[in-house]
Every structure is written in structure tokens, then in C-alpha cells.
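Taking the hints into account, I'd like the entire structure generated from these sequences.
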Amino acid sequence: MKLSLFSIFLIFTMLSCTGPEARKPILRKSSSVMHKSVQFNKALITAQENAFEKLIKLDSLSTYILSNFGFKYKVNVKSKTGYFPKTGDEIFYTYDVYNMEYQPIYSSAEIGVQKYIVDKQEIIEGLREGLKLMNVGDNVTFLFPSHKVFGYLGDQKKIGINQPLIYKVQLIKINKKNESN
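Heads up: the sequence shown begins at 1 in my numbering, then just goes up one per residue.
For the record, the hints were derived by calculation from the structure and aren't laboratory data. Hints should not be assumed to be uniformly reliable.
Calculated pairs, DSS-like style, for lysine-lysine (alpha carbon to alpha carbon, straight line, at most 25 Å) [as the list claims (entries may be wrong)]: (1) LYS168 - LYS115; (2) LYS177 - LYS80; (3) LYS57 - LYS74.
Remember, it's a predicted structure, so these values are computed and weren't measured experimentally.
Below, the structure written as C-alpha cells:
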């Protein structure tokens, strides 16, 4: 009797030690949502590029350059210096922000002089890349598509959702990180 009771106890213990079975993830097919999102973004970028092309045609006396970063720009005033900001340099600049109709959104008087340590601080992507194309004394107009500035959120103040912007930037000063730059 003791042996059979012990056997039953042992079998019961072994069967009860199985842990809970893991739940399998539920697969949701989101390819249609992703496809719609991709199509929307492609159409948005194309529309913004077309709007910039119209602006460039109106400004036929200026030469616009396509940057490697996905925006266009023109140099309004070119300085004689040849030093471009590098990682760790401290730079001082001012800028004005305009909508596509050249109506001011933010003025440099409102914003003031900005200080930025190149690639060490967070600023909008277009401006971060654009400042690296400038020398001290340069005045440049940048045509930024919405994904290079505030994107689908806007700034939640004056800049709307997916709004392309025109920035006029003046680079005032560069404090080099070290003299080997």
C-alpha cells in the first residue's frame, strides 16, 4: 500500500510540475497600412518638390543647389572664408522662417542669436545639415521639405503638420573645438 501511495504521489507530482504554456503572438497583417503610409509619404514629398520647383522658377535669377541631404538651397551672400563647421565646433547663427508664400512665421528678431555645438546638440535635421554647408558670414536660403524640419507634428504653435519651410540663415561665428580642425 505504501508503495502504491508513494507511486501515485510521485506521478501526481511529476504531472503537476509542468509550467504554464507560453502564449503565441497574434499575427496582424499591417502591410496594407504600411503600403498606404508609403504611398502617402511619396505623394507628399512629390507635391512639396513640385512646389519648390515653382518657387525656383519664380526666382530665375538665383541658382539653387541640390544638397546631398535632400533639400535645395541658394547662397545669398558668400564669404571669403573657407572653413566649414565640424563636429564639436560651437557656432552662432540667426535665421528667419517663412512658409511657401514667403510669409514670415518666425523672425530672427523674435528668435534671437542661436548657439549650437555641431553634432552634439539636437536641432531640426535640415538646419543641422544646412549649417555644415556654410562659412562665417554666409547668408543662405534653404528650401526644406517637411520631413527635414517638423514633419507630421509641426511645432504645435505656428508651423502646421507636414509643412515645407523656407529658412534664411546667417552664420555669424564659429568657435573651433580645437585648432587642429
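Violated hints, by number in ascending order, as checked against the structure: Those not satisfied: there are none.
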